[in-house]
Structures are given as C-alpha cells and as structure tokens.
Amino acid sequence: MLKKQILEQFQNLVGPENIDDSEVMTNAYAYNWCMELVNCMEEKEPIPFSPIPKAIILPSSVEEVQQIVKLCNKYHIQFKAQSTGLGPWNQPSSENCIILDLRRMNKIVKIDDKNLYAVVEPYVSGAQLQAETMKYDLTVHMPGAGPQVSPLASATSMNGPGFTSPHTGHSARNVLGVEWVLPDGEILRLGSTGLKNHPDWFSGDGPGPSLRGIMRGWAGAKSGIGVFTKVAFKLFPYPCSTKFKLKGISPNYEFEIPDFMKLYVMDCKNYKYLEKVFLAVEEEEISFICSHLSGYGLGAIFSNSIESLMDKIPIASTHAPLVIVIAARTSREFEYKQKVMNKIMAEFKLENIIGTKYTPNSLFYAEALRSNLGLHGFIATGGFQSSKGQCDSAPLCLNTTKMSIPLKKKYIKKGVIANDFGEGVWMTSYESGHYFHVESPTLFDQTTEKSVKGMAENMEENYQFDLIKHLGAPFFVEGDRMHDKFGPHMMDYHKWLRKIKKAFDPNGIADSGFYISAK
Amino acid sequence: MDEKEYQKMIKRCLRCSICKWIPQVQIKSQKYATACPAIDLYNYHPYSGGGKIILALALEMGRIKPSEELRDIVYKCTECGNCAIACKFLNTLEPLEIIMRLREKLVEAGCGPMPKQKAYTDAVKNVNNPYSEPHENRMKWLPDDIKIDPNAKLLYYIGCTSSYRRKEMAIAAARIMNAAGVAFRILQDEEYCCGSPILRTGEIHTFQEFLNKNVDIIESKGIETVVFSCAGCYDTFKVDYPLYRDYDFKVCHTVEFFNELLEAGKLKLTKEIPISATYHDPCHLGRNAERYEQWDGEEVKLIPLISINIPPKPKRTGKAGIYDPPRNILKKIPGLKFIEMERIREYAYCCGAGAGVKSAFPEMALNTAKIRIEEAEDTGADVILSACPFCSTNLQDGISESGSKLKYYDISELILMALGLEPEKLKHVLAEVA
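If you read the protein sequences in the order shown, they are chains A and B.
So in my numbering, spot 275 of the first sequence is number 278, and the numbers just go up one at a time.
So in my numbering, spot 252 of the second sequence is number 1707, and the numbers just go up one at a time.
If you're looking for bench data, these hints aren't it; they were derived computationally from the structure.
Hints may contain errors.
What the hints assert, rightly or not - Some chain A residues flagged as far from chain B (calculated, every beta-carbon gap over 10 Å):
| no. | residue |
| --- | --- |
| 1 | ARG215 |
| 2 | GLU259 |
| 3 | LYS265 |
| 4 | ALA283 |
| 5 | GLY385 |
| 6 | ILE503 |
Said to hold, decoys possible - Here are a few chain B residues that face chain A, going by a calculated C-beta distance under 7 Å:
| no. | residue |
| --- | --- |
| 7 | LYS1466 |
| 8 | LEU1469 |
| 9 | VAL1480 |
| 10 | PRO1501 |
| 11 | GLU1524 |
| 12 | LEU1525 |
| 13 | ILE1678 |
| 14 | LEU1717 |
| 15 | VAL1755 |
Heads up, the beta-carbon is just placed ideally off N, CA and C, and yes, glycines get one too.
Let the hints inform the model, and build the full structure from the sequences given.
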C-alpha cells in the first residue's frame, strides 16, 4: 500500500477511481502467465505471483504518465508499465513498485494509408488495428503472442516475431516515430516526431543520431527504460481481398476463403533439405507465411482443441514440414506465385500434402489472415514457454534446432516437459528470408512443482548450451543475472546497456527486473 | 462445475486477455471489439473473466480474504458468458462457471450476495417474486379476452418480470397464441419465481427449493411443453434445472414457438411494418441457452503432461443458442428491413441487466445498455428488438438515458402488429408500465 499522503497525490493526478492500492487489486495484478517459472529460476517459491505492487494506476494521457513518473522519482517508488499485460515481463520485481496499467490509453491516433503507417496508443490491440487498417486494404504486423496483444508493446519493448513475418517483418524493424516518457519524467519524441518544422511520425531515425537501438535494442527493455505512450509503425498491403466472411458459431466457423489464397505443407524429411527449400521459397519473395513447425506444432495450428489434435495424425507425423501460405490480390499475381511454388516443388521433388493427405478447416485461413495462429500454442491450456529465440541465418537456426534435440529429450525422459520428440520448434523467415527466427516452444505443467522446476532447469541448460555452442542469445536474456551471464561472451554489451540505463534512469525508478540495473 | 474441476481450472489462466474481446477473427472495428461490460466500464484487470479466475486462485491460496471489495468486483458481472465464448475458442477454461462458483463461495463465507440482491432473494422466499409484489397480483396482467384452456398440455410460464414489470410481453405472447389457435394454460397462483435471480447471485440452496417446487407442480399437471417469453426463465429451466434434477417436459422460448407456428402457416404476418430494425441477442437465449451434455468419458494421458478427454468432452460454446428463429420471424414481417449489429449471436454484447447487476449496480447496467444502444444506432436502424424482459427494461432505460431516437419492441409485440391485431390495447399496457 502507498502512504496516504502519496496516494492522495496520485489520486489528484488521475482521479481517485483510477488508482487502487487495495489487497485484492494488487494481488490480482501480481499474477501472470509463467511467473512460476521466473520465480523458480530465481530460486523463489514456484507460484504464479510476483512481488505485490504497491498500487495500480490507470493514466489516460502522456501528461498523466509524465506526472506519475515524476512523483515516482520524488518518492523513490519504482514503476512498471503494462499495456495488454501478457507474460511475466509485466510484473514488478520488488514490492516498492506501482503498476501503470495503460488500458485507458487506447486510441488509434492516425492511419496514414498513403505513407503506410499507423500511430497508436498502448492499449490498441493488434486485431483492433487490423480491423481498421483492413478498411484501407492494409494490414499490420502482430507478434506470435496473438492479435489480442498490444502492437505498441511489441514494437517498443518486446521481441516480436509473428507468423506473417515473411510479409510484415519484425516489430523491431517496423517501429517509426515514438513518444516516450523517460524514467526521469521527461518526454522524448523520437525520429521525425522531433522535427522542429512539420513534425510527423513517418521515420524513427533523426534528427541527429538514431535512438531506436537504445530504445529497444534486440528484445526491448520491458518498461525498464520508461513508458511508451504512442508509436508509429509500418503498415503493409493486405495480401488478398479484405472481404472477410465467416459463418457458424465459435470455434467452428466456416470461412469463405479468398479467391487468391493457397496453403502448402511440404514434408522436407530432414533439416538440411528443409534449409534448402526454405531459402528457395523465400528467395522468391512470394510467401505471406513461411514457417517450419514440429509435427506437434503443425497439428496444433490446425486444431482448436487438444482433443482435435488426434485427428491430425497424418500431418503431425511429418518430419521437417514447411508451411507456406501464398495470397494475392489479382489472378495474375496468384498464377505467378503458384507457378513459382510448382517449380520449387518440382525442383525439390516435394508434394503439397494439403488437399491430398490433409485438408484443413477453412477457419485456418481466417486465422492466418488475422494473425491468430500463434495462440494455438495454448490449446493445452497448460504451461507453455519457449527457450531459444535466435534471430539469425537459416543454417544457424536449423543447427540450433537439430543440436538441441538431445537436450530436450533429456527433460522429456524425466517426465517434466511434454514429449514432442525433442523437435518442438517454430521457425519463420523475416522479410522474405533476409533473416530467420527460431524458438523452442515447450509444454509443461504449471500446476506441479516437479514440472515447473524441470522446465526451469531445461531453460537454464538451454541457455548454457547456446553459449557453449555459439548459438546466439535467446530472446529471454533479461535481468542482471542473465545479462551478466551472456554479456562477457558478447563483446561486453551488458556494460554498455548499464551505461544506457544509468544515463536514462539516474534514480533507478523504472523497474529493471526484466532489463538491467545500473549497478 | 465440481470442486475438483474448479481447483484445477483456477490455476490455469494464461492471463492472455482473450476474454476481454469477442473472438479475434470476428473483430470488425476498434469500437465494437470488446466482449465484457465489466472490464469495459471498470478497467482494472480483475473485472475481466480472467481477472476473476485470478481472484479465485488468490482467495484459495489465502492471499486475499473475503471482503466487501472482493465482493463488489465479483458481483460487478452480468454473467453474460461472453468471456467464456472467447476463452473456449482455443482453451479449455470455463470463466463463467468459475465466476458462478466464486459467488457461491462468497455466499458460503457470509460475504455475498450484494445487500440489494439479498433483498431480492428474501422477496423471492417471501412472496415468490424478486420485486416484493403480492403473489395474488401475479396474474393481474391477464386481460379478460385472452382464451385460456385449463386442460391444455402446453403451459405458458410467464415469469416474474413479465408478470409484474413487462406486462406487454405477456399480453402479446398470449394474444399471438390465441391468434394461432394454440390451446395453452397458465399456472395462475401456482406460478413461482424460476429461481434465476437467486442462482446467479450464488444462493444455490434456495434456488434448489424453487427448482423442486416448480418441477413438481408442472409435472403434477401432466404438462408436455412449457413455453417461456422470458429468456432468463427459459435458460434457467433449460440449462440449470437439469444439472440438479431431470424433468419430463419440453421447454421452448416464444421465438422458437412462434417461428414454428409461422413455418406451419398457423400464423400469417400480413400487415406492413415499414421500419428498419436490428436485433439484440439476449445472453440467456443465445450463448447461454446451451445445455450441458452428459459426459461419461475419461481423461487419458496422451503423452507425459498432456491428457485428452476420450471421447472429447463437449464444450459449451454457444452453438445451441437460439439465434435463427428470431431472425426468421423478422424476415417474414412485411416491410421490415433487418440490419445486424457488429456483435451478434454467440458473441453478442450484453444489455447489462443480468445476474443481479440491475439491482445492485444500476449505473453499471445503464452504462452497458448505453453502449449497446449506441451500437444499435450505428446500424442506422429505427428500432431495436429483443426477446427478454430484462433486456427490454434495461435497453429502454438506456434509450431514455442516452436520449436516443431508437424505439424498443419485444419481438412478440412486432408479431402482434404484423398480425394486424389491435395494437391500441398494447399501447394501453405500455403506458401503464411506463
């Protein structure tokens, strides 16, 4: 709880109904998905609750955020900002912290359909923004976490691969102008929003040196470097007709598949061959989706319940499948893309098992277009987290996958993680194969201590393995302990990160539990 | 939901916030993307379906105690079930059932329901209706010229709200049945509250008393079919009663029944009604009107840590809701132009009145109704229609409060007009209610 005198000052800023420091509210905000795993890795009790925040505050404008942050500095209270709030990264790392729930900041500020960007506040969801951009025949990048999460959070503060990454890129690469409340309460406007004359949102760089790298770096600071209150990011052409017709009742919707849309699943049998096919397809720059998943993952993206996975045995038994969705706006474009695919399949002697061995429900195509496929990782409604998170070349990503199988099998044998034969990965290309992402989604039981501890151990060993084998940094390198572990192996980047933290947050007010402290 | 399942489920919320939105693939605009009135109005995460699952877990773990603050959050929920539809698009949790169970636990702990809801419950116990109206006035809505057949096998169960507060619905339903030549009876002074208000505020034991009383009476009279014009009574009889006790009569809502009469040619809608209208799916008639299916399967470990139900355990996803009959009726009304809102059928936005909210939190009910009225207005329709007395009262309150030019009718009133029956009589009743 906050001291009465401090609480009153916050109340004066946002109104009494928009701050709450009660036991009920603060405990509810202490919960998050995978928090038991984080606690376990920090040798705490493996429960899904973080330290309890002092209060929850709901600002409605950048000015209110600024004043809140200044009050935090005055009273040496840390803050943690969250938008849609999925995942442990939204949690405070100490009890001397308030949570800024940015839910009331939910405006789409601008959709510039000529210059292909949108400006949004933190609590606009990906699906909301996409619904509006579809009215302009445009779409937006959404991370694998799903269309219900905040694209602002992904663009400014998280990693951000998604199923449509071949077409819509990567959150780090899409971010343009940014409005940023620094940890000392100053407002910084990045890129062209800082221009003296005609400020606008179209560029994230300049005037002067670009600060985009400092703002988010590889995987974002998770509110450890301030609060992002508006962001502009790129929009992309919607890949086909935006006519979107669904019939039936959830979840068994029937979708009228657009005229120029086709799914391919090819079983490449082994990783070496998969690499060649992956690169060949992506070199042609024709795919809307181009992902490799394990057999289980493949079954999951076509299933809407854990039971219906059972029907997917023909497809789940593939060895190195590649999932490709092509889509087009004209018949000519569609014909061209199909010709290219036919040529690649002929060259590599591969068959499309869609339409022969397996035909998915039409809903798959709707979910592909609305970026809902990543959520299928949750169909077991159980513990689920990824180790790995490499962003690199196709050979390295696949090498990581292959080399990690024995390690994963070790934990499968212990019975602490679900059996995906060690092959459980999701790999996508970014920007038509210019680079690639791989992560290793793993199911565990978040309700049993044995499984949580086993999964934590599995993640720790994976991190160590990545270091020893030079497989790059996973995307959950967060907090002092992890940065101190990886930094010395990576040109002492952690020392520079600390300097940034110290310069931007001299009082250490932005909670750094998932970033880095200035110590 | 039994205690074992409750304990299992409250540990599994992913905090993904899917419950705050209509199914993602159905989102058509930023404005009408949300699913839950409580989180829309009160913003803090615990007001959402997932947030209440977290509260349930925190309570079980002893991190929080039963308190007025906890109670207020748990009862600021219309139990509309939209969170459950969204969650079950992929997941296996039952947010609505967890909320209902959490309310039961608060009642057991002496912390629930809300004081105003307690007054309603006491009224049901004392005078068989939540409005504290004299039981002997229950049938006062009945005009002299309505033909009742005391030996009919079809029962029209009017319900407390239509009997005392929305008499125009009861009169319209009765006149339509007369017009179709359907022989029906009513229970007269043996009709009691269905128990819905007490069930949904967590007073499960009192609910069971009323359930037994009602089923005993209906079965003792050899009734074959019970017709309801109240979506709440219909849902309670259809979905909730069988969880405690089987019965041997059929149940249907007037929109189903009238649609059948129209299809059979027993009703002919001939009078032109030149309006443009939109339809609000009541939660009790739509997504929640789906029975629990008996499941005698077993949970089988597929691979370590992943179990599946064999055969698959049926999920209540709103698939058995009554969506098409009211729309079929509207299509048959000459001159009526029908326009859909964005949030319809299994993901329709709630009117805001349900589960004791109208009594305990009238401002929440009203503000929710205003959101729904705005959505109806955005269709360009002149009229909003529905088929539930709670929705009727609350949406009409929303129209008045927001100064909307929309008119509200129950679908049975519109049928009555399209039959060319004397709407003056109905107007008289409307004036009386107003």
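Right, here's what the structure says about each hint:
At roughly 27 Å from the closest C-beta of chain B, the C-beta of A/ARG215 stays outside 10 Å, upholding its exclusion from the interface. The non-interface label for A/GLU259 is consistent with chain B: the shortest C-beta to C-beta separation is roughly 12 Å, beyond 10 Å. Against chain B, the non-interface label of A/LYS265 holds: every CB pair exceeds 10 Å, the least being about 19 Å. For A/ALA283, the non-interface assignment is confirmed: its Cβ lies about 32 Å from the closest Cβ of chain B, beyond the 10 Å cut-off.
Distance check on A/GLY385: its Cβ comes as close as 7 Å (rounded) to a Cβ of chain B, failing to clear the 10 Å threshold; non-interface status is violated. Distance check on A/ILE503: its Cβ is at least 30 Å (rounded) from any Cβ of chain B, clearing the 10 Å threshold; non-interface status holds. Hint on B/LYS1466 holds. Least Cβ distance to chain A is approximately 5 Å, under the 7 Å limit. The interface hint given for B/LEU1469 is met, as the beta carbon of that residue sits about 5 Å from the closest beta carbon of chain A, less than 7 Å.
This hint holds: B/VAL1480 has a C-beta 5 Å from the nearest C-beta of chain A, less than the 7 Å allowed. Interface restraint check: B/PRO1501 against chain A, minimum CB-CB distance 4 Å, threshold 7 Å, status holds. Hint status for B/GLU1524 relative to chain A: holds, with the closest Cβ pair at about 5 Å, below 7 Å. About 5 Å separates the beta-carbon of B/LEU1525 from the nearest beta-carbon of chain A, less than 7 Å, and the hint is met.
With its C-beta approaching chain A no nearer than about 31 Å, B/ILE1678 sits outside the 7 Å limit, and its interface hint is violated. Of the supplied interface hints, the one on B/LEU1717 is violated, with its beta-carbon coming no nearer than about 23 Å to a beta-carbon of chain A, more than 7 Å. Against a cut-off of 7 Å between C-beta atoms, the interface hint on B/VAL1755 is violated, since the closest Cβ of chain A lies about 10 Å away.
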